[in-house]
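The hints should help you fit chain B onto chain A, whose structure is shown.
Protein chains: 2
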Amino acid sequence: MQPLRRTAPFLRQFRSTRPSTFCPTSRIGHSRSQSTQAATTSATSEPFQPDPDSGVKGSGAEASKIKYTVDSYTKLKRDSRFKQLDAEDVNYFRDLLGSEQAVLDGVTKENADLEGYNADWMRKFRGKSQLVLSPSSTEQVSKILKYCNEKLLAVVPQGGNTGLVGGSVPVFDEIVLSLNRMNKIRSFDDISGIFVCDAGVILENADNFLREKGNIFPLDLGAKGSCHVGGNVATNAGGLRLLRYGSLHGNVLGIEAVLPDGTIVDDLSKLRKNNTGYDLKHLFIGGEGTIGVITAISILCPQRSEAINVAYFGLSSYDKVQRAFREAKKKLGEILSAFELMDGSSQRIFSTVSGTKLPLEGEHPFYVLIETAGSNGEHDSEKLEAFLEHVMSEEIVDDGVVAQDGAQQGELWRCREGVTETLGHWGGVYKYDLSIPIAQLYDLVTEMKQRMKDRDLIGEGKPVVDVVGYGHMGDGNLHLNIATRKWDKEVEKVIEPFVYEWVGERNGSISAEHGLGLAKKDYVGYSKSGTMLKLIKQLKDLYDPNGIMNPYKYI
Amino acid sequence: MQPLRRTAPFLRQFRSTRPSTFCPTSRIGHSRSQSTQAATTSATSEPFQPDPDSGVKGSGAEASKIKYTVDSYTKLKRDSRFKQLDAEDVNYFRDLLGSEQAVLDGVTKENADLEGYNADWMRKFRGKSQLVLSPSSTEQVSKILKYCNEKLLAVVPQGGNTGLVGGSVPVFDEIVLSLNRMNKIRSFDDISGIFVCDAGVILENADNFLREKGNIFPLDLGAKGSCHVGGNVATNAGGLRLLRYGSLHGNVLGIEAVLPDGTIVDDLSKLRKNNTGYDLKHLFIGGEGTIGVITAISILCPQRSEAINVAYFGLSSYDKVQRAFREAKKKLGEILSAFELMDGSSQRIFSTVSGTKLPLEGEHPFYVLIETAGSNGEHDSEKLEAFLEHVMSEEIVDDGVVAQDGAQQGELWRCREGVTETLGHWGGVYKYDLSIPIAQLYDLVTEMKQRMKDRDLIGEGKPVVDVVGYGHMGDGNLHLNIATRKWDKEVEKVIEPFVYEWVGERNGSISAEHGLGLAKKDYVGYSKSGTMLKLIKQLKDLYDPNGIMNPYKYI
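Top line first, the protein sequences correspond to chains A and B. Counting with the UniProt record's numbering, you get residues 1 to 555 for the letters of the first sequence. Counting with the UniProt record's numbering, you get residues 1 to 555 for the letters of the second sequence.
For reference, chain A alone in the conformation it holds in the complex (with noise of 0.2 Å):
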């Protein structure tokens, strides 16, 4: 390797590559976000995933021709506690929420509009509710949730219905809570850069709110176009400023929450500092809607970084990606924004299928996309350019590119981002989201792909196309998945439980940043202890002792 030759036309040698065949599929959230929306946040633990293709929320009639869950999920019954609703529940609601639009009612009259908010938009999930609510104050939630708890009527809250485990739709009769027309921001504070909103907010116009203002909200992902910041925080989202902005648990300062007996957690502090008690907000940040319902967040909103550099490298083992990581911490520092981990299998699965030439000559066993976020574009330059001399010159990375403008750091992006729909190609994917320290995260794929090898269910006219990692590295989030033709029972017993067992044993979660919903309840045990189920479960009774909040989910 001859650095000083390679160092200079390296950061120029990139050539646009603009996809001609290649269009990633219109679903919900809008361009970036859109396929980001699967790369982040598609995975499920479901057997034979088909790759979905549309959208459904509020499209009734789509919907309807989606599977009810409890004929998939045959095990679960309905929990016989639970009181039918009748007309006289859907009078008292419209006389509570005072309109009707607020009341989609489907006991006294037929209502296609329901069906959208029974179905998720993987099309994987459908339920049989007959009443969507959509209140307009902390206050009628508050007194819905009394009314539900006292009749034991069962509730689903929903906030923009994007979850990919089925925790926002019901199972069965249960009523949607949506917070749709919760969707007022309260109050910013440009010093302190502390912002407050309604929980039915769509995170893309609290972005755009803030972009405004300099600031920047401290969570991005594919769905933005259309999830909740409420249920952002419900379901404790990580997606893709995780490693420069920390989680949830970090920047939401406060929320406002109503428990199922009508009590309205007043918690909405606007303080960095308050050591004055329990914090009991953090229970709600992940809780997917299991113990109260989120009504609105208080959230600290760093400045807005100006400059942004992205780059895509080439490299020849596993041990040198982490190398590369390593030395991005040291030489990047403060800037680093994204670490993102693909696999040869991925990449070349992504360019076969939609026809886009990849930014690097040859194939690498492995890729990596780095990105930087700073205040000051020619000090960023400088970094990376120190950077790329150095994993250049010390062979940790064998070729690689810089995006000389937001169109090409698109393009480098689209690599990424365009893995997941790919790999549907075939047919199905079983896809995985899981968490394993940075050293063995690799190894999984390895070693799956070397369990289909070994029972001769991998290659050309066999069920399995490929099995491929890629994800978010710098947190030590990696998708797996495995492309197939056609659903195989066989192929499906290779791969659990011993997937889970592999996570379970280097404690590792089956669910890094997805949640447990319908989908990952059953596996929750691999990734905690029978102690810590069992505090969990005494929570959920504490707070919800009639298990009227989204039940049959979770754990």
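In short, the hints are calculated from the structure, not lab data. Not one of these hints is a red herring.
Because identical chains share one entry, a pair is satisfied inside a single copy or across any pair of copies.
Only pairs whose alpha carbons sit at most 30 Å apart, straight line, appear in this in silico DSS-like list of lysine-lysine:
(1) K540 / K146
(2) K128 / K486
(3) K184 / K534
(4) K75 / K151
(5) K184 / K330
(6) K537 / K146
Just chain B now, kept in the frame of chain A:
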């Protein structure tokens, strides 16, 4: 103002002004952190706090001169449900711990060493415990608590005993459970930066270990030479790095803890992302040992920044301080690591009492100390220069200096950190650690001073010397201090409950970073609603139904 003339010399005009007569009292901690202790963690809401002049930890003879807590807090009565310790209990613990040094026993024999564990370093609180246990494993902690819970023996967990609100020392005869002997570093992953250690590891030892790896513990405070990381987590310590690295709720990835019934909470996750059930660890962060004992922590430790810059400014109004903060966030962005406010009075007193010449000529109504920490010294200096040019040319800042080396940085920091100790020069100080929305933060100081003037209580020959404000402005954290010549009932009545009411009306916090302990227990209602207090008590009852954990404190 002539920006061009001023900008260039501005950066070099700082002359060393090492203090000749001022020498901060040696206490716990070390050198710089020494005075930081006072600055960042010494405020309490107790009336008339004599400025402490010597540490007590481990010094039984010194401690025995301190007034018993029950003689100051005469309303406190020993809970009669609790069993009195007897020889049988002591024997049980001696057998269990199997070591003479792990059991300090005052039940069956005189033991002067007990005093060091009974009293706090401020010499404000002193309990009457007759037993100190120092287990060496989580299993031993579990067995101790199980025994105590069954026998109804009350327990106070104790880390480095550097707290400021009397939370870590007994009130009556509670058993002290010291984490001193649980002081092992368990693991460090130099790729992810995830560090795992026993709760009893001293913060400075953890940080020194991490320094060698190129990482940093994301928390720094004055007591670092004595305090335990477990105690830091149990009190949700804030300190000096919060502006840059965020709170412990964001950085702590897992904990191991023991509940009163002996249950070991095995939640020592080493993952950045893990969405599998309620995140229970947050109840222990800031729980002040009232629901269990933290025995180990797992924490994310960022890359250490090699380049540090410190600057010190004079400003003409609080409005300009706020503008300077906004500009610092914009222009310094990701490298801003501290933004500290000191009012003119605080700097005048510091200078007069310590005999230190201030770094700037003339008097300014407000002073600000800014620190940057980044990965590239040249870039950081350029950013700082651009910021300085801007705030000077815009006349946001009247005058300023930038430190040229580490020694000068220390001198600038001393102007901030030395304040607390010099305030005690005349006798005593009323101290409050408050979170207030930034825009209103300084109003409290102005109003308090006016109250003293209106009642003719302030000035030469009057009880009050001055009312001063300083603190972690970047975090909205004000340290309000009222320096007095002697204890005066009239003065106290003017301050309280006014200060709590004022903060409560603005939805501030009566304890920003110091916690509640015994000292603030009665005032928590000003920062938490009745609903929140009810929910907090409900959790306490759930985990500690017998109330044996750290009784008489918190809420």
